[in-house]
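There are 2 protein chains.
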Amino acid sequence: MALVVQKYGGSSVGTAERIRRVAERIVETKKQGNDVVVVVSAMGDTTDELLDLAQQVNPTPPPREMDMLLTSGERISNALVAMAISSLGAQAQSFTGSQAGVITTSSHGKAKIIDVTPGRVRSALDDGKIVLVAGFQGVAQDTKDITTLGRGGSDTTAVALAAALKADVCEIYTDVDGIYSADPRIVPDAKRLETVSFEEMLEMAACGAKVLMLRCVEYARRYNVPVHVRSSYSTKPGTMVAGSMEDIPVEEAILTGVAHDRSEAKITVVGLSDQPGYAAKVFRAVADAEINIDMVLQNISKVETGKTDITFTLPRELGPVGMEKLAKLQTEIGFTDLLYDDHIGKVSLVGAGMKSHPGVTATFCEALSEAGINIELISTSEIRISVLCRDSELDDAVRALHQAFDLGGDEEAVVYAGTGR
Amino acid sequence: MALVVQKYGGSSVGTAERIRRVAERIVETKKQGNDVVVVVSAMGDTTDELLDLAQQVNPTPPPREMDMLLTSGERISNALVAMAISSLGAQAQSFTGSQAGVITTSSHGKAKIIDVTPGRVRSALDDGKIVLVAGFQGVAQDTKDITTLGRGGSDTTAVALAAALKADVCEIYTDVDGIYSADPRIVPDAKRLETVSFEEMLEMAACGAKVLMLRCVEYARRYNVPVHVRSSYSTKPGTMVAGSMEDIPVEEAILTGVAHDRSEAKITVVGLSDQPGYAAKVFRAVADAEINIDMVLQNISKVETGKTDITFTLPRELGPVGMEKLAKLQTEIGFTDLLYDDHIGKVSLVGAGMKSHPGVTATFCEALSEAGINIELISTSEIRISVLCRDSELDDAVRALHQAFDLGGDEEAVVYAGTGR
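For the record, the sequence lines run as chains A and H. Numbering-wise (UniProt numbering), the first sequence opens with residue 1 and increments by one. Numbering-wise (UniProt numbering), the second sequence opens with residue 1 and increments by one.
Calculated from the structure, these hints are not laboratory results. Take these hints with a grain of salt, some might be off.
Identical copies carry no separate label here, and so any pair may be met within one copy or between two of them.
Below, in silico cross-link-like pairs of lysine-lysine (BS3-like), each with a Cα-Cα straight-line distance of 27 Å or less [unchecked claim]:
(1) Lys144 with Lys112
(2) Lys328 with Lys302
(3) Lys112 with Lys210
(4) Lys166 with Lys144
(5) Lys355 with Lys210
(6) Lys191 with Lys355
(7) Lys281 with Lys302
Just chain A, with the same shape it has in the complex:
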């Protein structure tokens, strides 16, 4: 008998009718002889409605109270799914994140999971019950306050529970059929991937693939939890995210896909003194503003001036914060100018095969130049090549690369419509 953890997104339980359908799928899994733990996000618009209410009473609501407010959404959906399950004759029990032993840090709105102690979940399973756990939420280890995990929180809850319960698989039900070789909205012949290694999925997620959040994949990789991405609306096979790329025979290693990201902005620090420690000052300043930077480029120093430029990318919504922080420190750090550009796009090619297939970078650059796309910045990892271009050229870049590396398939893709938490 296997232990299966299933996670359903907010759109999968958006109406009473959908809740009943989800319940049928859950009971079916139980009838097949599995122990089943289910994590459900808040129903469709619940979160937006609660956010709207909060805005009406306080434009800047205290994070602790926001968490108290928002976590009620998952309680509602989980209780309703439990009711739907019992109406099908099976036994179900729903637990809050706190009851399920999801222990987190106390940083409200973006808490991190410290530990999962699923004692009550385990004993409910031992009683033959289907267990529902409210996703996206936990309880702070120190303050005992209710916390939320932020974006991708429900997926992470599911994976964390699967790890703590030593589940055989964590099934993430969403509104796409799986992980694709590119965003089907941009590349109509994008191919669904049967399996993806953790490392490849990490790179895809880090480069903008939205089906799985990075933190969820990181968690799954750390605890080696196979994650099965499937559609809530079909019984198609989906994509299995599991295993290390080290286990893929070199000969079989291939290119996974093309990811893109239009959520970044670019800051260039001009005329920075090309001495040890000056770049560090810049990045310390940015780090102090709690901004994670992504790509970095340092130009070759101009000998006559002994000055250099440093360019880096950061989340677009944090662009103004970063600029302000650096501007304040202009004299202290000592640079001549600051440039800001939020019309950039990032396209990435990911795949373990990169190591064993020479000339990938060459083909990559040729494909873009043939498409008339100018490369503004390049960064690479062992299994990834990423470049910046104009955001207006991003879609063309994705299509050009997808075709150049022959990643297409013939299966028809379900267009991705965005997941909730």
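With chain A fixed as given, assemble chain H onto it according to the hints.
Coordinates of chain H only, in the frame set by chain A:
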């Protein structure tokens, strides 16, 4: 510095605008130098909407999951009020019933409070914070599941917290100006009562006065918590429920008011053997069906037959259950017939003055007979006279008694519109 517990009903927080107004009143109380603990019911229609959702997924939802579902309503309203308070510059923290230490039995949907251990509430108060506690809910002592307290649960939560925190007063904010000498919808010149003793309020509540639920008054009396009933929409003085009628000088003791109740039905067991133990069999049968009976009448036995009739009243919604239970046992108990009547009304006169004013019963009966109302059953306590009549005659009966005992005032009454939980 006083410690004040305030409770606001669902209609008082039905919209963002009302929530802001409630927040202002709370902050005002804090500014006056009081420690403030607030219990808020779920917003206006939230509970009905959740019940409707539950019905859609399962016509007979499991009580445990119903409690998980419904308690989210109070979490939402309390978090929102906390946000509104902090938008006014004061510090607020909201707690679930469980976090506030409301320990209950595990009978979902109608749990009883076993203990209140408000450690977190106390320390938040000590930090100078305004504390919000989700009403109507607690945590089961044995199963650690989330429970709801049933009707009047939020009022009871407030009184229980006031008792555990040794508060100076528990203010119940509702949509009437206080306790009236009769229902103002029936008696336009009904008078608002300045003060009512616990015993009198118990009788009023037990006889159908709906402003305060019986269980809440019982709790307040047991722990001697003064309950101040006030309007959410005005600053009128309201009614103070406090003290024992024993403390009222006999000379000043007066009649409190006229209560009515149209929620009962009447069952008559005909031709019961007039031997010791037969009545007991009847009431044991009813008790086994978990039905609380109210008034009881045993007719004088007919000597020639040695048979008697027993009539009792019970909650109307349980009438069919009671009839079914008794019908099953007809042969075992041995009676000739069962009569059911759900067109009855009960009118009661309550007041400590009854003891010291002779002739109250006479005046009572005269008033009703002059109004052409036939008395079907009488029961009395030390400070109460109750009679059954036709439900169609109930309003006339209330008016007749209210006038006969000159209970009217001239202050204009706010018409009672029903409270939530």
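Hint-by-hint comparison with the structure:
Taking the closest pair of Cα atoms, lysine 144 and lysine 112 come within 27 Å of each other both inside a single copy (14 Å) and across two copies (25 Å). With identical chains, the CA atoms of lysine 328 and lysine 302 are at most 27 Å apart within one copy only, with a shortest distance of 25 Å there and 102 Å across copies. Only within a single protomer do lysine 112 and lysine 210 lie at most 27 Å apart by alpha-carbon distance; the minimum there is 20 Å, versus 47 Å between protomers. Taking the closest pair of Cα atoms, lysine 166 and lysine 144 come within 27 Å of each other both inside a single copy (26 Å) and across two copies (25 Å).
Taking the closest pair of Cα atoms, lysine 355 and lysine 210 come within 27 Å of each other only inside a single copy of the chain (25 Å); across copies the shortest separation is 77 Å, beyond that limit. Taking the closest pair of Cα atoms, lysine 191 and lysine 355 come within 27 Å of each other only inside a single copy of the chain (22 Å); across copies the shortest separation is 89 Å, beyond that limit. For the homomeric pair lysine 281 and lysine 302, the shortest alpha-carbon distance inside one copy (20 Å) is at most 27 Å, but the shortest distance between copies (105 Å) is not.
Consistency note: the structure conflicts with none of the earlier hints.
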